[in-house]
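Participant: So the chains spell out like this:
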Amino acid sequence: MGLALLAIIWLITLVSTYFFAAKTWWLPHGASASAQWIDGQFALTYVLMGIVFLAAQLSLGWLVWRYRDQGPSQPVKYTHGNTKLELIWTTLTAVLFIGLNLMGSSVWAAERFAPAAPGSIPVEVTGMQFAWYFRYAGADGKFGSTNPKLMDPSAGSEAAIGLDTSDPASKDDVVTGTMYLPVNREVDLRLRSVDVIHSFFVPSFRFKQDAVPGLEIRMHFTPLEIGDYEIACAELCGLGHYKMHGMVHVVSAEDFDKWIAAREAEKQ
Amino acid sequence: MSSLSSPISIELPNTGRGGGEHPPAHGGDGGGRGGDSSPNYGQRLRRARLGLIVGLASVTMIFVSLTSALIFRQGLPTFDAVTSGYVRDWIPLNLPLALLLVNTGLLFLSSLSAEFARRQITRQAALAPVRSIPGVSLGDEKGFPWLAVTLVLGGGFLAGQWMAWRELAARDFYVATNPSSSFFYLLTATHAVHLCGGILVLLYAAGTSLLHKPVEKRRIVVDVTAWYWHFMFLLWIYIFALLWFVR
Amino acid sequence: MATSATVHSHAAPQGFIRKYVFSLDHKVIGLQYYFLALVAVFVGMFLSLLMRVHMIWPTAVLPLIGEIKPETYLQLLTMHGTIMVFFVLTTAPQGGFGNYFLPIQIGAPDMAFPVLNMLSFWTTFVAFVVLIAAFFVTGGAPLHGWTGYAPLSALTNSGPGEQLGADLWITSIAIFCIASLMGALNFITTTLDMRAKGMTMFRMPLTCWSWFITAILGLLAFGVLLSAGILLLLDRNVGTSFYVPLVVVNGQIMGHKGGSPLLWQHLFWFFGHPEVYIAILPGMGVASQLLSTFSRKPIFGYKAMVYALMAIGFLGFMVWGHHMFMSGMSPYSAFAFSIMTMAIGVPSAIKTFNWLGTLLHARIRFQTPMLYAIGFVSLFVSGGLSGPFLAQPTLDIPLHDTAFVVGHFHLIMGVAAIFGMFAGTYYWFPKMFGRMMNETWGRVHFVITLIGTYCIFMPMHYLGMAGQPRRYSQFTELAYLHNLIPLNTFITYAAIITISAQFIFLINLFWSMFKGPKASDNPWEATTLEWTTATPPPHDNFGGVTPVVYHGPYEYSVPGAKKDFVMQTDPAGVAAH
Numbered sequence: 001m002g003l004a005l006l007a008i009i010w011l012i013t014l015v016s017t018y019f020f021a022a023k024t025w026w027l028p029h030g031a032s033a034s035a036q037w038i039d040g041q042f043a044l045t046y047v048l049m050g051i052v053f054l055a056a057q058l059s060l061g062w063l064v065w066r067y068r069d070q071g072p073s074q075p076v077k078y079t080h081g082n083t084k085l086e087l088i089w090t091t092l093t094a095v096l097f098i099g100l101n102l103m104g105s106s107v108w109a110a111e112r113f114a115p116a117a118p119g120s121i122p123v124e125v126t127g128m129q130f131a132w133y134f135r136y137a138g139a140d141g142k143f144g145s146t147n148p149k150l151m152d153p154s155a156g157s158e159a160a161i162g163l164d165t166s167d168p169a170s171k172d173d174v175v176t177g178t179m180y181l182p183v184n185r186e187v188d189l190r191l192r193s194v195d196v197i198h199s200f201f202v203p204s205f206r207f208k209q210d211a212v213p214g215l216e217i218r219m220h221f222t223p224l225e226i227g228d229y230e231i232a233c234a235e236l237c238g239l240g241h242y243k244m245h246g247m248v249h250v251v252s253a254e255d256f257d258k259w260i261a262a263r264e265a266e267k268q
Numbered sequence: 001m002s003s004l005s006s007p008i009s010i011e012l013p014n015t016g017r018g019g020g021e022h023p024p025a026h027g028g029d030g031g032g033r034g035g036d037s038s039p040n041y042g043q044r045l046r047r048a049r050l051g052l053i054v055g056l057a058s059v060t061m062i063f064v065s066l067t068s069a070l071i072f073r074q075g076l077p078t079f080d081a082v083t084s085g086y087v088r089d090w091i092p093l094n095l096p097l098a099l100l101l102v103n104t105g106l107l108f109l110s111s112l113s114a115e116f117a118r119r120q121i122t123r124q125a126a127l128a129p130v131r132s133i134p135g136v137s138l139g140d141e142k143g144f145p146w147l148a149v150t151l152v153l154g155g156g157f158l159a160g161q162w163m164a165w166r167e168l169a170a171r172d173f174y175v176a177t178n179p180s181s182s183f184f185y186l187l188t189a190t191h192a193v194h195l196c197g198g199i200l201v202l203l204y205a206a207g208t209s210l211l212h213k214p215v216e217k218r219r220i221v222v223d224v225t226a227w228y229w230h231f232m233f234l235l236w237i238y239i240f241a242l243l244w245f246v247r
Numbered sequence: 001m002a003t004s005a006t007v008h009s010h011a012a013p014q015g016f017i018r019k020y021v022f023s024l025d026h027k028v029i030g031l032q033y034y035f036l037a038l039v040a041v042f043v044g045m046f047l048s049l050l051m052r053v054h055m056i057w058p059t060a061v062l063p064l065i066g067e068i069k070p071e072t073y074l075q076l077l078t079m080h081g082t083i084m085v086f087f088v089l090t091t092a093p094q095g096g097f098g099n100y101f102l103p104i105q106i107g108a109p110d111m112a113f114p115v116l117n118m119l120s121f122w123t124t125f126v127a128f129v130v131l132i133a134a135f136f137v138t139g140g141a142p143l144h145g146w147t148g149y150a151p152l153s154a155l156t157n158s159g160p161g162e163q164l165g166a167d168l169w170i171t172s173i174a175i176f177c178i179a180s181l182m183g184a185l186n187f188i189t190t191t192l193d194m195r196a197k198g199m200t201m202f203r204m205p206l207t208c209w210s211w212f213i214t215a216i217l218g219l220l221a222f223g224v225l226l227s228a229g230i231l232l233l234l235d236r237n238v239g240t241s242f243y244v245p246l247v248v249v250n251g252q253i254m255g256h257k258g259g260s261p262l263l264w265q266h267l268f269w270f271f272g273h274p275e276v277y278i279a280i281l282p283g284m285g286v287a288s289q290l291l292s293t294f295s296r297k298p299i300f301g302y303k304a305m306v307y308a309l310m311a312i313g314f315l316g317f318m319v320w321g322h323h324m325f326m327s328g329m330s331p332y333s334a335f336a337f338s339i340m341t342m343a344i345g346v347p348s349a350i351k352t353f354n355w356l357g358t359l360l361h362a363r364i365r366f367q368t369p370m371l372y373a374i375g376f377v378s379l380f381v382s383g384g385l386s387g388p389f390l391a392q393p394t395l396d397i398p399l400h401d402t403a404f405v406v407g408h409f410h411l412i413m414g415v416a417a418i419f420g421m422f423a424g425t426y427y428w429f430p431k432m433f434g435r436m437m438n439e440t441w442g443r444v445h446f447v448i449t450l451i452g453t454y455c456i457f458m459p460m461h462y463l464g465m466a467g468q469p470r471r472y473s474q475f476t477e478l479a480y481l482h483n484l485i486p487l488n489t490f491i492t493y494a495a496i497i498t499i500s501a502q503f504i505f506l507i508n509l510f511w512s513m514f515k516g517p518k519a520s521d522n523p524w525e526a527t528t529l530e531w532t533t534a535t536p537p538p539h540d541n542f543g544g545v546t547p548v549v550y551h552g553p554y555e556y557s558v559p560g561a562k563k564d565f566v567m568q569t570d571p572a573g574v575a576a577h
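Protein chains in written order, with the working numbering: chain A, 1 to 268; chain B, 1 to 247; chain C, 1 to 577.
Quick caveat, the hints were computed from the structure, so don't treat them as lab data. What you are looking at is a predicted structure, and each value in this text was computed from that prediction instead of being measured. Keep in mind that a hint or two might mislead.
As the list claims (entries may be wrong) - If you want the ones that stay clear, here's a sample from chain B, every Cβ over 12 Å from chain A, calculated:
#, residue
1, A128
2, S137
3, I199
4, T208
5, K213
Said to hold, decoys possible - Think about it this way: if two alpha-carbon atoms lie no more than 30 Å apart in a straight line, the pair counts; the simulated DSBU-like pairs of lysine-lysine are:
#, chain 1, residue 1, chain 2, residue 2
6, C, K562, C, K303
7, A, K258, A, K171
8, C, K303, A, K77
9, A, K171, A, K149
10, C, K303, A, K84
11, A, K267, A, K142
12, A, K77, C, K562
13, C, K518, C, K563
14, A, K243, C, K257
15, A, K142, C, K257
16, C, K197, B, K217
17, A, K149, A, K243
18, C, K303, C, K563
19, C, K69, A, K243
20, A, K171, C, K257
21, C, K303, C, K197
22, A, K149, C, K257
23, C, K197, C, K563
24, A, K77, C, K563
25, C, K19, B, K217
26, B, K213, C, K19
All C-beta atoms, glycine included, are put in the ideal place defined by N, C-alpha and C.
Could you put together the complete structure from these sequences and hints?
Facilitator: Quick look at the structure:
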């Protein structure tokens, strides 16, 4: 049975490791400024944990085979442990784990402790059961006010988010069901939710943030590559959670301006 | 009639160790049994008190979590879409202070009477082996009904809390009116529920005296319940202070 | 209340009701918990089978059940999680084995408060009935997940099942909290006050330490869940606004304002994180016990194992925010929680090193209990090592709420902890029922289950990295999920096979109870006190004789001893400590 155990444990370990190493299923291609840092930290963690995984599992398999009961004359080392060894491996583990964490902390700080840079484009994202709406501030750079009393999802995008058309700042606000972003420009994201918690998740941007009712959460990211990226809702929000998806189109700055102009024109 | 001073004075060993002395035949006696078949009530009392302390830790955690919920909710601003800003909606509560102070006094007195009841039955339990000696008479066993007094005062406290609720309702503060009132009702109700538990056990303790269970057994019940009762009083002081200073 | 039980001053109870239904005997109560958990785990597994089938064949019409709609999937998911976490993982390891064997292993005739013990079981049973009732009321079971995030769980019109079903769910959990608190009180008092002579704390088996620390965790955590649940019931039914700000559902403004969904998360996870340690610590205790016994070698680093259990328990209360990195919580708090979370990996690593150290220079016997203990170590390593990814907030960004998390917690709670229960079952079966379980079928069950569960849960890490969110009822709507369907299909087939194989265990269990070969009093040649009693143990465990303990619990292969094990109650032999 010892040999069988070694075989099973080693097989499971090596097959799992193969698929991790071969990246058969992997993080999607990163298309934002933070992807490089995040992927770098991911790779580091992954290599270190991979080494530990292999070491622990392979030695487990080996130990149960090597020290299988081969008869009463087999010597057994009667020991209650080794304090020095305990201290050594405890310290090493602590250094490894906490060190790894501290290394990633500067990325977290850059992402979350600092506000969006000046010149970023403000975009408001509103989640509701079961759709995303996006609002652009228009030429005045200000978002008009919204009012829950005016919310009517059946009457178009502006009504869905309860846009208060009597507010002059609302006149140039563009509300759509699809997100367009100019490439290489930081996005000053304002995340809202109307009913329950949703989560705005764009895997390619390595971006995720819960949209929480009662809060307007401000985050920022910078898309670096032109393309179309899917948005998935990443917090259980009801029966339509699996199909609450959207699309981000990252286009050139000129194409973005053209698109916004076309949306403004439609409002007249 | 009062047993605050006993009719005869007898020097007795510290009754916290159990009734009488018998050497432990096997140490660490798991079943609370003594060397022979007589139950080791001292050990059982210690065990019951330990159980109470452990149990009170969990009650404490309930109120710790309610406290953090209160502090969190009080300080919390929520986003107002109309103004695009954050607003806090905590409105201080107009507490019926006089009524609550009277209730506090009632509970304090009930804690005192519970303590007298506890000491009274401790003395009775200590005297039990002496009483069983043929020919010895120590006078009237009954003593002042401190347990009953505690029950009445406790009931008075609960009635007073109910009146405080009515008063608050009269001032248009109901459970869902605003977060401050919600927490008032919640905290006082949770405390009252726990106090009711104590009252039920006190009724059981009073009942056991009618059922003629051994006094040492009754003593354990009354002892543990009295300590529980003191905790309920201190808990009420805490809740009152919290509701007053953080209202 | 606490002192009305004096069963040992008179003979064992007669009559079916006193003996088997409202028994005060911790052994009967332990078996009651165990069988409740057994029913619960098969119900929970069946729900997960339906979930996996729906994920791959969303439009399939199943016999008897019909079509599973997306909301039904979420209801299955919610009940699966709730049943498994509460009625399996918090019940069998602690209420089942702990109740049965804690008193015996410390040399006591029963738990400290037998009446409370009986009440705690029946309260748990009532909680289970109330939970299952949610399936049968109008609207059905809730769909908000076992984590019940508000406002989804706090609004009665946020989805099907969110009316009476959700109220029953909360009520069941509240009742369960009370039952657990009663149990925790009993375990702690028993451990502190009822150890036999010579059984110092540091001579207790590691199983007893794990039950003790698990009980402390439960004592401090369940009260918080109870509070959280009461606030949720008030929000749902009375119109308070603890958790719900101003929200608009389907164009309709609800009557709440000013509440915070994050408050629910804080309260829930303050309980929820210790809860997962409650689920795994007893399994660690069993693994330590069995690895030592079947290696014929003392556990490597007994004191370190105890301190590691304490550290895990203590730190377990300081990491709850790692479930909330993406929640909108302050990023500064996130950083603090992240450091604490990495710190808690350290005592877990110590335990793993010590398990491996126990196997080194040993003489390993491969009876079925040992197979499961070895499997436990492998699974704990696999499940644990995905932790450092999730513990870093930057890496949590792509991984939070994906299948990666599902793989992580299932490998630990859904497999390793279950292996701990299998190990305990095969190990203690002879003592509880006087017969041995079948070794061959035990091995077959082990091999299929080990490989099968790895096939189910290891691929989930790949799926999570590829961006597959959790709690999706099907993968048809997002284009980037389409090429993940083949791997999901593989998982579903692995689940079908593995779940089917559990019937091998079930049959082995019941068949062996009646027809298994008779067991001796100490078939594993183990050292701890339960192996000194008759089989099954008499009503007061030790037949009127209070045991006296002379040694620690893992004196195997002591040089100079006659046999390769020295029982704790053996006065002769080397008393190293």
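Participant: Would you mind marking each hint as holding or not holding in the structure?
Facilitator: Going down the list of hints, with the structure as the test:
Separation of B/A128 from chain A is adequate, the least Cβ-Cβ distance of about 50 Å exceeding the 12 Å criterion. At roughly 63 Å, the least C-beta separation between B/S137 and chain A is larger than 12 Å, which holds for a residue marked as non-interface. The claim that B/I199 lies off the interface holds: its Cβ sits roughly 40 Å from the closest Cβ of chain A, which is beyond the 12 Å cut-off. With a minimum CB-CB distance of about 50 Å to chain A, B/T208 clears the 12 Å threshold, and the non-interface call stands.
Interface exclusion of B/K213 from chain A stands, the closest Cβ pair being 49 Å apart, more than 12 Å. Of the supplied pair hints, the one linking C/K562 and C/K303 holds, its CA atoms being roughly 26 Å apart against a limit of 30 Å. Taken as a hint, the A/K258 and A/K171 pair is honoured in the structure, with Cα atoms around 18 Å apart against an allowance of 30 Å. Pair hint C/K303 plus A/K77 holds up; C-alpha atoms about 18 Å apart against a cutoff of 30 Å.
At most 30 Å may separate the alpha-carbon atoms for a hinted pair to count; A/K171 and A/K149 meet this at roughly 19 Å. For the suggested pair C/K303 and A/K84, the alpha carbons sit about 13 Å apart, so the restraint of at most 30 Å is met. Restraint check for A/K267 and A/K142: satisfied, since their Cα atoms lie roughly 17 Å apart, inside the 30 Å limit. Using a Cα cut-off of 30 Å, the hinted pair A/K77 and C/K562 holds, with the two alpha carbons roughly 16 Å apart.
Restraint check for C/K518 and C/K563: satisfied, since their Cα atoms lie roughly 23 Å apart, inside the 30 Å limit. The suggested pairing of A/K243 with C/K257 holds, with an alpha-carbon distance near 28 Å, which does not exceed 30 Å. For the hint pairing A/K142 with C/K257, the CA-to-CA distance comes to about 26 Å; that is within 30 Å, so the pair holds. For the suggested pair C/K197 and B/K217, the alpha carbons sit about 25 Å apart, so the restraint of at most 30 Å is met.
With a C-alpha separation of about 27 Å, the suggested pairing of A/K149 with A/K243 holds against the 30 Å cut-off. Restraint check for C/K303 and C/K563: the C-alpha separation of about 25 Å stays at or below 30 Å, so the hint holds. The suggested pairing of C/K69 with A/K243 holds, with an alpha-carbon distance near 13 Å, which does not exceed 30 Å. For the hint pairing A/K171 with C/K257, the CA-to-CA distance comes to about 29 Å; that is within 30 Å, so the pair holds.
Of the pairs offered as hints, the one joining C/K303 and C/K197 holds, with about 20 Å between alpha carbons and a cut-off of 30 Å not exceeded. A hinted pair counts as satisfied when its Cα atoms are at most 30 Å apart, and A/K149 with C/K257 qualifies at roughly 14 Å. For a cut-off of 30 Å, the pair hint linking C/K197 to C/K563 stands: about 24 Å separates their Cα positions. Between A/K77 and C/K563 the CA atoms are separated by roughly 15 Å; this keeps the pair inside 30 Å, and the hint holds.
Taking the CA atoms of C/K19 and B/K217, the gap is about 25 Å. The hint holds against a cut of 30 Å. A hinted pair counts as satisfied when its Cα atoms are at most 30 Å apart, and B/K213 with C/K19 qualifies at roughly 24 Å.
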